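Asker: First to last, the protein sequences are chains E and Y. For the first sequence, our numbering assigns the number 1 to the initial residue and increments by one for each residue that follows. For the second sequence, our numbering assigns the number 1001 to the initial residue and increments by one for each residue that follows.
Check before you lean on any hint, since a few could be wrong.
[As the list claims (entries may be wrong)] Stretch-level coverage of chain Y by chain E, calculated; a stretch enters the list once three of its residues show a Cβ under 8 Å from a Cβ in chain E:
no. : region
1   : 1022 to 1031
2   : 1095 to 1104
[Stated by the list, open to error] Okay, the calculated beta carbon distance ranges per label pair:
no. : chain 1 : residue 1 : chain 2 : residue 2 : range
3   : E       : 70        : Y       : 1074      : 36 to 42 Å
4   : Y       : 1083      : E       : 171       : 37 to 43 Å
5   : E       : 164       : Y       : 1034      : 41 to 47 Å
6   : E       : 60        : Y       : 1041      : 19 to 25 Å
7   : E       : 185       : Y       : 1089      : 32 to 38 Å
8   : Y       : 1067      : E       : 131       : 44 to 50 Å
9   : Y       : 1097      : E       : 92        : 39 to 45 Å
10  : E       : 45        : Y       : 1066      : 27 to 33 Å
11  : E       : 184       : Y       : 1092      : 50 to 56 Å
12  : Y       : 1068      : E       : 45        : 52 to 58 Å
13  : Y       : 1106      : E       : 106       : 31 to 37 Å
14  : E       : 175       : Y       : 1089      : 51 to 57 Å
15  : E       : 38        : Y       : 1106      : 37 to 43 Å
Calculated from the structure, these hints are not laboratory results. All figures in this text were calculated on a predicted structure; none of them were measured in a lab. Beta carbons are placed, not taken as given, at the ideal position from N, Cα and C, and that holds for glycine.
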Amino acid sequence: MPDWHALLRARLGPLRLSPEGEAEVIAELAAHFEDDYRDREEAGEPARQAVHSTLAQVRDWKRLRHDLQSSKEDSMNQRVRALWLPGLFACFFCFSLLAMMIRAGLQPRFIWLAPAMGVAFYIPWFGALILVGALAGWWSRRAGGAVRERLQAALLPSLAMTILFTTLFFVALVFERHHPLGWMLVAWLVMLLAWAVLPGVGLLLGALPFLGSAPESRHAPAAQG
Amino acid sequence: MPTVPANIKRGSAELAILALLARGPLHGYEIARRIESETQGVLRFDVASLYPLLYRMEKRGWVKGYWEEVGGRKRRYYRLAPEGKKKLAPLRRQWGAFFQALDRLAGVADA
Chain E
1 MPDWHALLRA
11 RLGPLRLSPE
21 GEAEVIAELA
31 AHFEDDYRDR
41 EEAGEPARQA
51 VHSTLAQVRD
61 WKRLRHDLQS
71 SKEDSMNQRV
81 RALWLPGLFA
91 CFFCFSLLAM
101 MIRAGLQPRF
111 IWLAPAMGVA
121 FYIPWFGALI
131 LVGALAGWWS
141 RRAGGAVRER
151 LQAALLPSLA
161 MTILFTTLFF
171 VALVFERHHP
181 LGWMLVAWLV
191 MLLAWAVLPG
201 VGLLLGALPF
211 LGSAPESRHA
221 PAAQG
Chain Y
1001 MPTVPANIKR
1011 GSAELAILAL
1021 LARGPLHGYE
1031 IARRIESETQ
1041 GVLRFDVASL
1051 YPLLYRMEKR
1061 GWVKGYWEEV
1071 GGRKRRYYRL
1081 APEGKKKLAP
1091 LRRQWGAFFQ
1101 ALDRLAGVAD
1111 A
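Next up, chain Y with everything else stripped away, as it sits in the complex (with noise of 0.2 Å):
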């Protein structure tokens, strides 16, 4: 049973950000918009959040920012690199660790 790391309990938002881009390509706003819908409003980027983390997950090479022009303007598109999607696995496997074990603790998935 792998286990949680301390930082992987605080990288939620990297698992989404990759998980999303295993996707394809997006710009930020896209991400932002499209983590807030599909989790119904439970995890919410605002500006201050994501382009921190977006710049820092690119610097560590686990995603590529590229700029393209669409409809006239210039966006910054993300896509998964090979380095994040090597990352997206086990980080899946972590998360599902830690919500198995709380489930067990807390009976999660019920409430």
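Isolated chain E (complex conformation) (with noise of 0.2 Å):
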């Protein structure tokens, strides 16, 4: 029985994977080949003639090569180019958009809920950020993104709001002493409804589109006919 590990890693060359994920590749695609060689065999082709008919199988290394690493490449990078880096982006437009408004002179709605207790609310932003949470939604989803990745990555701004929002929460229980326990929570579900779940909903409205459907699967070959 020929060594097909050797055959394959002759032919193949190194894989720019993990090790372990280049040592899985090979011992799948190995028990591949034996299986087919072992076929072949019983099918009455001599061994030498099976071997060659079972390599030839394979018309191009270099371009398998490629194939194997793109499609398992490590979940990590996967995760990074289908969540983080359409949430990151999602974030930075998010509040530069923002920012860039509110230098252009935009002004905020005040909601007075005590006197001493406003919320502003920036109603073109809320508007804007339908299309910051579609856009993150169409960039996952085209990264091959899972409907939760992408919904992930469309919803990270609010997730970075409320993280930091609970954060000033509990760090104002430690220092604030002017202020009952009360008010403060209520600043807090104030202050997470205007800054996360308003624009939560409108990050979610944008990305809507994006979540329904499949992967774009812009590398999937059609079987062979």
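With the hints as a guide, bring both chains together as one complex.
Answerer: Here it is in structure tokens:
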């Protein structure tokens, strides 16, 4: 029986994968070749010819190496592409847009919940968030993100604001001595509503069209006919 | 009537694999062999077309690969993941619509 691992390694060369990932791919392909070789031998092909025919099913080893690498890349890279890049883009775009709008003179609408408790709403910004959510959802889907990743990428700015305000709330609990706990709790919830929940609705609305369909499989080959 | 997106037109391979794995786990060679025998050779996969596709489907969470020792040999089996199960029904509908449309246009079923 030929050493399929060695034959494969010689033809594929080093794969740009983790050592474990590479070993898995080689082991899996070697098992496939071995089965194919056995079937050919059982069908009466001479051993030498069977090895040749088995290996001949790969016409372009460089192409195969490239396809294996790109399809098997570790899931961390995939997660970066499908979640973190579009998500961080959404954060950056979202807050840069707000900064630009404020710089351009956009005045917020205030809703006063109490004399000392007002919340600023930038209505046009909420509208723009629909576009940001759509871009993040589209980007994540294009990168092959699953529905959950597309949703997470689009909502990352809301998540960031939730973490920020929650952290501030706990810091205030420790250091703030002038206001009662109930007041701070209400303030925290109102800030969350204004800066995380409502923006989240805008982002979600934008991402919705990109949540329902499959990741774009630009590289998916059709079966050979 | 569901429409057929462009990526689905190129994705016959995905449907073939999902449909096969819906019946039970298989390793790569068996997937290729079954597809070839059940389509009487009309659809064929070789190493170069099968494994990159399986890995991509695994990355998307449609299938789940796992190693198992059978008859003293370690094989990597694939089974349908919950996300793949959800994919299968719409893919079947889309392909059904695609073939019906082709049939109406070109009488494919009578060919």
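Asker: Could you run down the list of hints and mark each one as holding or not?
Answerer: Results for each hint:
1. For a cut-off of 8 Å, the count of residues in the region 1022 to 1031 of chain Y with a CB near a CB of chain E stands at 3, and the three-residue condition holds.
2. Evaluation of the coverage hint for the region 1095 to 1104 of chain Y: breached, as 0 residues show C-beta separations to chain E shorter than 8 Å, against a requirement of three.
3. Separated by about 25 Å at the C-beta atoms, residue 70(E) and residue 1074(Y) break the suggested range of 36 to 42 Å.
4. Between residue 1083(Y) and residue 171(E) the Cβ separation comes to about 40 Å, which falls inside the hinted range of 37 to 43 Å.
5. With their beta carbons about 53 Å apart, residue 164(E) and residue 1034(Y) fall outside the hinted range of 41 to 47 Å.
6. Distance hint check for residue 60(E) and residue 1041(Y): the Cβ-Cβ separation is about 23 Å, which falls inside the suggested range of 19 to 25 Å.
7. A hinted range of 32 to 38 Å for the beta carbons of residue 185(E) and residue 1089(Y) is inconsistent with their spacing of about 46 Å.
8. In this structure, residue 1067(Y) and residue 131(E) meet the distance hint of 44 to 50 Å, their C-beta atoms being roughly 45 Å apart.
9. Restraint check, residue 1097(Y) to residue 92(E): a C-beta distance of roughly 41 Å satisfies the suggested window 39 to 45 Å.
10. For residue 45(E) paired with residue 1066(Y), a C-beta distance near 32 Å keeps the hint of 27 to 33 Å intact.
11. Range check, residue 184(E) to residue 1092(Y): about 55 Å between beta-carbon atoms, so the 50 to 56 Å window is met.
12. Checked against the hint of 52 to 58 Å, the pair residue 1068(Y) and residue 45(E) fails, with Cβ atoms roughly 29 Å apart.
13. The given range of 31 to 37 Å is broken by residue 1106(Y) and residue 106(E), whose C-beta atoms sit roughly 57 Å from each other.
14. Between residue 175(E) and residue 1089(Y) the CB atoms are about 55 Å apart, so this pair conforms to the stated range of 51 to 57 Å.
15. The beta-carbon spacing between residue 38(E) and residue 1106(Y), approximately 42 Å, falls within the hinted interval of 37 to 43 Å.
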